[in-house]
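Participant: Here are the chains, one letter per residue:
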Amino acid sequence: MREVIQMNDQHDVDENSVSDITDENQEVQEKGEEGPKWESELDSYPLREAGEDPRWALRTVWIWTGFAIAALIFILTLLVLGAIYD
Amino acid sequence: MDHIEFPVLGAKWAIGSIALFHTAVASLAIGLAFFVTVAQIVGYIRKERKYDLLAKKIQLIHVCIYNIGTINAIGLVFLLSGLFPQFWSQIFVQFYWSLIVEEFLFFLLAATLTFHYFFWDHLWGHKKLHIFLGALLTPLFFLQFYIINGIAGFMLTPGFGEAEASLSTGVLGWDRFGFYNPSFMMLNFHRVFANVAYGSFCAAGLCGIFLYFAKREKIKAFYEDGGLLAFQIAFAAFLSLPLVGYFYAHILKYNANEAYVNLMWGRGDITAGGVDWWWLKHICVAAMLGICLAFFRKMSKKQTVFTIPSIMVYSIAIFYLMFYVAMGMVMTWAFFWFMLLFCLGGALLGGHLIRYHQGSGRGVYLLVAILSFATVMLGGYSREAARPRFEDRIAHYDKVFIPEYRQRYLMVDIDPQDLPVVTALVEETGPESLIRERCVGCHTLDRVKKYPLDNWTVVVRQMEAYGLKLTNQESRQIIDHLKSQSPY
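Line by line, the protein sequences give chains Z and X. Sequential numbering from 1 applies to the first sequence in our numbering. Sequential numbering from 1 applies to the second sequence in our numbering.
Heads up, a few of these hints could be off.
[Said to hold, decoys possible] Derived DSSO-like pairs: lysine-lysine, alpha-carbon spacing no greater than 27 angstroms straight-line: (1) Lys37/Z / Lys450/X; (2) Lys47/X / Lys128/X; (3) Lys469/X / Lys37/Z; (4) Lys128/X / Lys37/Z; (5) Lys302/X / Lys37/Z; (6) Lys12/X / Lys37/Z; (7) Lys281/X / Lys37/Z; (8) Lys37/Z / Lys218/X; (9) Lys253/X / Lys37/Z.
[As the list claims (entries may be wrong)] For the chain X half of the interface with chain Z, some residues (derived, Cβ under 7 angstroms), not all of them: (10) Lys50; (11) Val101; (12) Leu123; (13) Gly125; (14) His126; (15) Lys128; (16) Gly170; (17) Arg176; (18) Phe213; (19) Arg216; (20) Lys218; (21) Arg355.
To be clear, the hints were calculated from the coordinates, so they are not data collected in a lab. For glycine and all other residues, C-beta sits at the position ideal for the given N, C-alpha and C.
Please build the complete structure, drawing on both the sequences and the hints.
Facilitator: What follows is the structure, given as structure tokens:
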């Protein structure tokens, strides 16, 4: 199931936000201006089905994460051994 | 001429400039990595894209900063190798394996950072994995400066090994006692919190800059809330610094007394061009504290994503005050009044900025980021300027690092047979060596030699009162020798 979580009405989400400054003139001015492209991305948190991720990307990241964790453990072991032995 | 000299700047300032630049960039990278992870986690828990999107924007800046920082680090190695070949060769051999691990960590970090940023939109089906990948950067960064701090701490407080261990026993290229030296752990703690504060204040500062240009309400809210999250993380880390700093100073007092004295009394390179740069750093910190407290007071009335408990903030603010009182007692009360003045001034300015910007944090974010940058630069300078010169600090440094199997003169085409024979130096004893070894713990021998009066009994007693440890016999030997005006 494709899960796209739509954000609630902006007012609900930010009811306690620091940015609740209302400026009517500003809003009127905004209507005539186009916002940046990523502004529309703010409306959703685009989680999706695991199977929809490209396999090559997933495989690359898993391999790298495994290698990085193994390297991290190796280095930590070195540090522990180094703290004991000269 | 027997060594390379750097044009215009000179060797010392060339190294100093690139090292300071590296500090500014590398510390920022570490702080930004931590902020990105927190912002991603907050975004995931609340299912709010704005935090995730901000994390992505900051991570892009981090990628750029990281690249600049690593190239800059290589530049530092190049400069050290050319300008201070003997020093660099010695320290590299002593901590060879530590530096190899450091290099390996650079590789791990660069690859992890690259995958994390460039695979951002490919892993929305495995968001937790993606966040975990980004979170890996923080322990990798901490490990990286854990290693470099061992070496940096060694240069300040040589520790128990004093550079001998790796060349006489055990594994060549690993000096355990040198690495785990007295100031090592406090340097780590201080840098962890300082980097998190610096990186997050800078993330807030970036939000502040974008807020000045944002016209649409939605975009403003995006930067305003992102900036606030960054500010809260930074402020929490910032509050811990006087606590860590106090214990760090305590370590310096007993293990690097000359550095401690230089800092407290503004001696040596700490005062340059008529300015005490360490005071200036503390003035920036006090102003930051005032501005942050004013902003926190305003923000604490609102419910936000991550709020530091007010009782904690105000308790630590009192601790800051106590810290300044203690510094006033140790140094001069002028220090206490200066800090109080700048803290109050900062609070007034913070309040004004919030009112002027009609409740927006943009002015505060930007100003605190600038001050945070200034403290990192001034702190980095003070730390290195306070440190006794390396060759003076380690009395028998020259003796340790001339093993017969290593070429004595680097970069010189010389037949090893022609090298002068190094004979084992006899350990010096007597009042001359006592004076040379003990007095330079806090000041130069030149100061002793230029002292005009003959009241050496009083002077030596004073030094003992300041913390010099002498037996009665040693004290008598030193006084007699100084009174006799014999050479030392």
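Participant: Now tell me, hint by hint, if it's right for this structure.
Facilitator: Tested hints:
no.: 1; hint: Lys37/Z / Lys450/X; verdict: violated (71 angstroms)
no.: 2; hint: Lys47/X / Lys128/X; verdict: holds (13 angstroms)
no.: 3; hint: Lys469/X / Lys37/Z; verdict: violated (69 angstroms)
no.: 4; hint: Lys128/X / Lys37/Z; verdict: holds (26 angstroms)
no.: 5; hint: Lys302/X / Lys37/Z; verdict: violated (30 angstroms)
no.: 6; hint: Lys12/X / Lys37/Z; verdict: violated (49 angstroms)
no.: 7; hint: Lys281/X / Lys37/Z; verdict: violated (41 angstroms)
no.: 8; hint: Lys37/Z / Lys218/X; verdict: holds (13 angstroms)
no.: 9; hint: Lys253/X / Lys37/Z; verdict: violated (56 angstroms)
no.: 10; hint: Lys50; verdict: holds (6 angstroms)
no.: 11; hint: Val101; verdict: holds (6 angstroms)
no.: 12; hint: Leu123; verdict: holds (6 angstroms)
no.: 13; hint: Gly125; verdict: holds (4 angstroms)
no.: 14; hint: His126; verdict: holds (6 angstroms)
no.: 15; hint: Lys128; verdict: violated (10 angstroms)
no.: 16; hint: Gly170; verdict: holds (3 angstroms)
no.: 17; hint: Arg176; verdict: holds (5 angstroms)
no.: 18; hint: Phe213; verdict: violated (11 angstroms)
no.: 19; hint: Arg216; verdict: holds (5 angstroms)
no.: 20; hint: Lys218; verdict: holds (6 angstroms)
no.: 21; hint: Arg355; verdict: violated (13 angstroms)
Of the numbered hints listed earlier, those contradicted by the structure are 1, 3, 5, 6, 7, 9, 15, 18 and 21.
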